[in-house]
Amino acid sequence: MSIVIDQKTRVLIQGITGKEGAYWTEHMIALGTQVVAGVTPNKGGQTVCGVPVYNTVKDALKHHSIDAAMLFVPPRLTKDAVFETLASNIKTIVTIADGIPLHDMIAIRHHALAQQATVIGGNTSGIISPELAMMGSFPHWIDRVYKKGNIGIMTRSGSLTNEVTAMVVKQGYGASTLIGVGGDPVPGTRFAEMLPLYEADEETKAVVIIGELGGTMEEEVADAIKQKIFTKPLVAFLGGRTAPKGQKMGHAGAIITGGKGSVQDKIDALEAAGALVAKKPSQVGLLLEQLGVPKH
Amino acid sequence: MKLYEYQAKALFKEAQIAIPNSVRIETTDAAEEALQKVGYPCVIKAQVLTGGRGKAGLIQFVKTKPTALEAVKTLFDHPVQIPSLLIEEAIDIDQEVYLSITVDAAAGKALVLASAEGGVDIEVLAAESPEKILRYPIDILIGMMPYQAREIAYDLGFNAPLNKSIAQTILRLYHVFITYHAELVEINPLFITKSQTVIAGDGKVSIDDNSTHWHQAYENNETSFGSEAEKKAHLEGIPFIEFDGDIGLMCAGAGLTTTVYDLINDAGGSIANYLEFGGPNYKKALQAMEICLAVPSKVILIVTFGTIARADVMAQGIVDAIEKLKPNRPIITCIRGTNEQEAVNILESAGLKPLFDTEEAVLLAVSMAKGETQ
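Going line by line, the protein sequences match chains A and B. Residue numbering for the first sequence follows the working numbering, beginning at 1 and increasing consecutively. Residue numbering for the second sequence follows the working numbering, beginning at 1 and increasing consecutively.
Simulated from the structure, these hints should not be mistaken for laboratory data. Treat the hints with care, as some may be off.
[Claimed, not checked] Facing chain A, according to a computed beta carbon distance under 10 Å, are these residues of chain B, among others:
#: 1; residue: A252
#: 2; residue: D266
#: 3; residue: Y274
#: 4; residue: G337
#: 5; residue: V344
#: 6; residue: N345
[What the hints assert, rightly or not] Subject to a maximum C-alpha distance of 25 Å in a straight line, what follows is the list of computed DSS-like cross-link-like pairs (lysine-lysine):
#: 7; chain 1: B; residue 1: K298; chain 2: B; residue 2: K324
#: 8; chain 1: B; residue 1: K370; chain 2: A; residue 2: K279
#: 9; chain 1: A; residue 1: K170; chain 2: B; residue 2: K353
#: 10; chain 1: B; residue 1: K13; chain 2: B; residue 2: K204
#: 11; chain 1: A; residue 1: K232; chain 2: A; residue 2: K280
#: 12; chain 1: B; residue 1: K324; chain 2: B; residue 2: K2
#: 13; chain 1: A; residue 1: K245; chain 2: B; residue 2: K2
#: 14; chain 1: B; residue 1: K353; chain 2: A; residue 2: K280
#: 15; chain 1: A; residue 1: K62; chain 2: A; residue 2: K91
#: 16; chain 1: B; residue 1: K204; chain 2: B; residue 2: K2
#: 17; chain 1: A; residue 1: K280; chain 2: A; residue 2: K170
#: 18; chain 1: A; residue 1: K245; chain 2: B; residue 2: K55
#: 19; chain 1: B; residue 1: K284; chain 2: A; residue 2: K19
#: 20; chain 1: A; residue 1: K8; chain 2: A; residue 2: K62
#: 21; chain 1: A; residue 1: K245; chain 2: B; residue 2: K204
#: 22; chain 1: B; residue 1: K326; chain 2: B; residue 2: K353
#: 23; chain 1: A; residue 1: K58; chain 2: A; residue 2: K91
#: 24; chain 1: A; residue 1: K228; chain 2: A; residue 2: K295
#: 25; chain 1: A; residue 1: K8; chain 2: A; residue 2: K148
#: 26; chain 1: B; residue 1: K231; chain 2: B; residue 2: K164
#: 27; chain 1: B; residue 1: K63; chain 2: B; residue 2: K164
#: 28; chain 1: A; residue 1: K245; chain 2: B; residue 2: K232
#: 29; chain 1: B; residue 1: K55; chain 2: B; residue 2: K204
#: 30; chain 1: A; residue 1: K147; chain 2: A; residue 2: K170
#: 31; chain 1: B; residue 1: K370; chain 2: A; residue 2: K280
#: 32; chain 1: B; residue 1: K13; chain 2: B; residue 2: K164
#: 33; chain 1: B; residue 1: K283; chain 2: A; residue 2: K19
#: 34; chain 1: B; residue 1: K204; chain 2: B; residue 2: K132
#: 35; chain 1: A; residue 1: K245; chain 2: A; residue 2: K226
#: 36; chain 1: B; residue 1: K37; chain 2: B; residue 2: K13
#: 37; chain 1: B; residue 1: K231; chain 2: A; residue 2: K245
From the three backbone atoms N, C-alpha and C, an ideal C-beta is built for every residue, glycine too.
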């Protein structure tokens with residue numbers, strides 16, 4: 001089992017004819033992802049990796065059933081691509097673009113909430129259910145990171161995901177589904193919103209969140225645990241614990257948080273809710289063991 | 001990207017928000033004429049991008065010409081380089097209000113923050129008396145409606161006739177927020193004068209860094225740098241902060257770099273500089289190393305675990321940079337990710353001893369910086 005995406009998910013790729021789009025489409029298919037159609041305006045009629053390309057999402061839907069859309073679209077065109085996809089009633093969207101204008105992200109987040117859709121990203125590598133399927137740009141062939149297992153992993157940072165996940169795998173675990181919510185101040189999807197899916201997924205035995213300074217997403221996870229929305233074991237690792245106050249370090253966090261958002265605040269909130277917080281990446285796997293999380 | 005107060009106020013004026021009469025000067029010589037135009041008493045305000053100007057003595061209230069000229073001279077002679085001063089008429093104040101618009105990330109909305117207690121540090125007020133800050137999410141797909149602005153003004157305690165002018169100011173500030181793709185617009189304090197008019201006492205506008213291409217007039221704003229290394233990093237678009245410790249960081253990815261920063265502190269080491277050359281900068285190893293070498297440090301620690309930022313490309317970049325720059329200090333590499341075996345080959349053939357474990361690399365760097373390991 002996995003959440004959001006598996007080998008049955010029928011995926012549309014926007015921006016499939018671009019260099020990056022074509023490269024990662026090949027890898028998505030190699031992993032087992034069902035890529036059924038592509039869209040690039042004015043490139044309709046071509047094929048990429050054997051996938052037919054259409055001019056519009058509407059056109060693609062005339063010929064295929066589509067469950068989810070993956071966007072390889074430049075940051076300034078992302079809002080248009082997301083709205084085109086939502087207009088066609090596709091409710092799961094992943095966008096990896098780094099540099100989406102803030103006001104565009106506000107509009108995307110708002111519109112997605114109103115449509116009860118899930119937009120993951122931007123500024124992320126996407127989402128992967130190892131050995132089953134992915135929407136994004138993960139080097140899934142690095143098997144000391146992308147190994148199938150029963151841990152749900154959510155992250156704000158690409159580089160840190162590899163670092164921490166490698167330590168989880170080293171301890172004998174693997175990921176059910178790994179979701180990069182991304183490093184932008186307004187992510188399309190927030191950590192706490194994915195917790196009910198991990199809770200419902202029988203295969204997922206625990207969740208690891210990889211957080212950072214800034215914003216309030218980790219505090220929202222603590223709230224979800226307190227309210228028993230999420231009851232499985234949860235281990236967190238947070239970067240920027242010793243960052244000096246007032247320095248812009250790491251990804252952009254929230255702008256005004258009212259005294260919240262420091263890593264210590266997050267650690268306090270998570271621990272008070274009963275989650276464990278690792279001090280080093282190498283402790284994450286050990287803490288899962290300590291909690292008695294089974295490896296198979 | 002932050003705007004100077006005078007730039008923010010120019011945007012306010014354009015949006016028909018009242019601002020005090022003022023003249024901006026860039027030299028001491030221009031002071032006398034400016035002071036004559038503005039009159040006394042007046043306020044002399046250093047135009048810098050840092051906060052807390054009042055506490056730092058960078059805002060001076062003066063009543064006479066000699067004290068004014070003295071203040072101008074002191075400010076231009078200040079050790080912190082001050083490019084210009086704003087000489088502004090003093091306002092007869094009855095009340096100060098706080099007003100800002102920022103982002104509600106969870107709701108996907110703009111967020112108006114307002115308080116009847118203006119003039120204070122909003123982060124302090126938020127931490128100590130959060131109930132004194134009123135919060136109003138605004139749907140940006142609809143835009144701000146006049147009734148919302150009226151409600152905010154009533155909630156702040158303003159009835160007729162002030163309600164109208166405050167509501168108007170809020171709507172106009174929202175217009176600035178949208179037009180300039182801001183992450184923050186703030187008027188703190190918003191003066192209510194004894195004659196019951198409304199004037200923006202201060203102004204902050206910060207434009208979203210992903211939207212600056214629409215507002216190129218401000219792209220030279222960040223021109224004062226603490227060092228050549230900072231300037232070079234800024235021009236290259238490489239996130240960089242200088243400290244005074246021993247270990248120079250040259251890492252990829254914001255999350256990994258902050259984590260290495262933590263691990264060094266935990267291990268009793270100290271950081272010479274934070275530098276992050278991941279993401280779009282992963283092919284800039286040469287520039288990154290040049291910046292690192294411009295900072296005094298005992299060892300340079302390179303940690304990466306890249307996906308799109310391929311390990312072999314980074315390794316080749318590092319080897320080329322070493323060849324060209326001939327660093328005068330040891331370099332520790334821990335490069336993992338896409339094509340990492342090729343990366344190892346590249347590093348080893350150049351005589352480096354690549355490590356694979358971040359925590360091990362950190363401990364080695366700390367011990368080398370202390371002179372315990374060669």
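Do the hints match the structure? See the list:
1. Below 10 Å, beta-carbon pairs count as interface contacts, and B:A252 has one with chain A at about 6 Å; its hint therefore holds.
2. With its C-beta approaching chain A no nearer than about 7 Å, B:D266 sits inside the 10 Å limit, and its interface hint holds.
3. Taken as an interface hint, B:Y274 checks out: its beta carbon lies about 6 Å from the nearest beta carbon of chain A, inside 10 Å.
4. The interface hint given for B:G337 holds, since its Cβ lies 6 Å from the closest Cβ of chain A, which is under the 10 Å cut-off.
5. About 13 Å separates the beta-carbon of B:V344 from the nearest beta-carbon of chain A, more than 10 Å, and the hint is not met.
6. Interface restraint check: B:N345 against chain A, minimum CB-CB distance 16 Å, threshold 10 Å, status violated.
7. With a C-alpha separation of about 19 Å, the suggested pair B:K298 and B:K324 falls inside the 25 Å cut-off, and the hint holds.
8. Our distance criterion of 25 Å between C-alpha atoms is met by B:K370 and A:K279, whose separation comes to about 23 Å.
9. Among the hinted pairs, A:K170 with B:K353 is consistent with the structure: their alpha-carbon atoms are about 22 Å apart, no more than 25 Å.
10. For the proposed pair B:K13 and B:K204, the alpha carbon gap of about 13 Å is at most 25 Å, so the pair holds.
11. With a CA separation close to 22 Å, the supplied pair A:K232 and A:K280 stays within the 25 Å bound.
12. With a CA separation close to 36 Å, the supplied pair B:K324 and B:K2 exceeds the 25 Å bound.
13. For the suggested pair A:K245 and B:K2, the alpha carbons sit about 18 Å apart, so the restraint of at most 25 Å is met.
14. Of the pairs offered as hints, the one joining B:K353 and A:K280 holds, with about 24 Å between alpha carbons and a cut-off of 25 Å not exceeded.
15. Distance restraint check for A:K62 and A:K91: the Cα-Cα separation of roughly 17 Å lies within the 25 Å cut-off, and the hinted pair is therefore satisfied.
16. Annotation: proposed proximity of B:K204 to B:K2 holds, straight-line Cα distance about 8 Å (limit 25 Å).
17. This hinted pair checks out: A:K280 and A:K170 have alpha carbons roughly 14 Å apart, not beyond 25 Å.
18. For the proposed pair A:K245 and B:K55, the alpha carbon gap of about 18 Å is at most 25 Å, so the pair holds.
19. With a C-alpha separation of about 21 Å, the suggested pair B:K284 and A:K19 falls inside the 25 Å cut-off, and the hint holds.
20. Straight-line distance between C-alpha atoms of A:K8 and A:K62 comes to about 19 Å, which keeps the hinted pair within the 25 Å bound.
21. Using a Cα cut-off of 25 Å, the hinted pair A:K245 and B:K204 holds, with the two alpha carbons roughly 20 Å apart.
22. A C-alpha spacing of about 17 Å is found between B:K326 and B:K353, which places the hinted pair at or below 25 Å, so the restraint holds.
23. Pair hint A:K58 plus A:K91 holds up; C-alpha atoms about 14 Å apart against a cutoff of 25 Å.
24. For a cut-off of 25 Å, the pair hint linking A:K228 to A:K295 stands: about 24 Å separates their Cα positions.
25. Annotation: proposed proximity of A:K8 to A:K148 holds, straight-line Cα distance about 17 Å (limit 25 Å).
26. A distance of roughly 46 Å separates the Cα atoms of B:K231 and B:K164; the hinted pair therefore is violated under the 25 Å criterion.
27. The suggested pairing of B:K63 with B:K164 is violated, with an alpha-carbon distance near 33 Å, which exceeds 25 Å.
28. About 24 Å separates the Cα atoms of A:K245 and B:K232, which keeps this hinted pair within 25 Å; it holds.
29. Pair hint B:K55 plus B:K204 holds up; C-alpha atoms about 17 Å apart against a cutoff of 25 Å.
30. Restraint check for A:K147 and A:K170: satisfied, since their Cα atoms lie roughly 10 Å apart, inside the 25 Å limit.
31. With a CA separation close to 22 Å, the supplied pair B:K370 and A:K280 stays within the 25 Å bound.
32. Taking the CA atoms of B:K13 and B:K164, the gap is near 18 Å; set against the 25 Å cutoff, the hint holds.
33. Straight-line distance between C-alpha atoms of B:K283 and A:K19 comes to about 17 Å, which keeps the hinted pair within the 25 Å bound.
34. At roughly 21 Å between alpha-carbon atoms, B:K204 and B:K132 fall within 25 Å of each other, so this suggested pair holds.
35. At roughly 28 Å between alpha-carbon atoms, A:K245 and A:K226 are farther apart than 25 Å, so this suggested pair is violated.
36. Our distance criterion of 25 Å between C-alpha atoms is met by B:K37 and B:K13, whose separation comes to about 19 Å.
37. For the suggested pair B:K231 and A:K245, the alpha carbons sit about 22 Å apart, so the restraint of at most 25 Å is met.
When each numbered hint is compared with the structure, violations occur for hints 5, 6, 12, 26, 27, 35.
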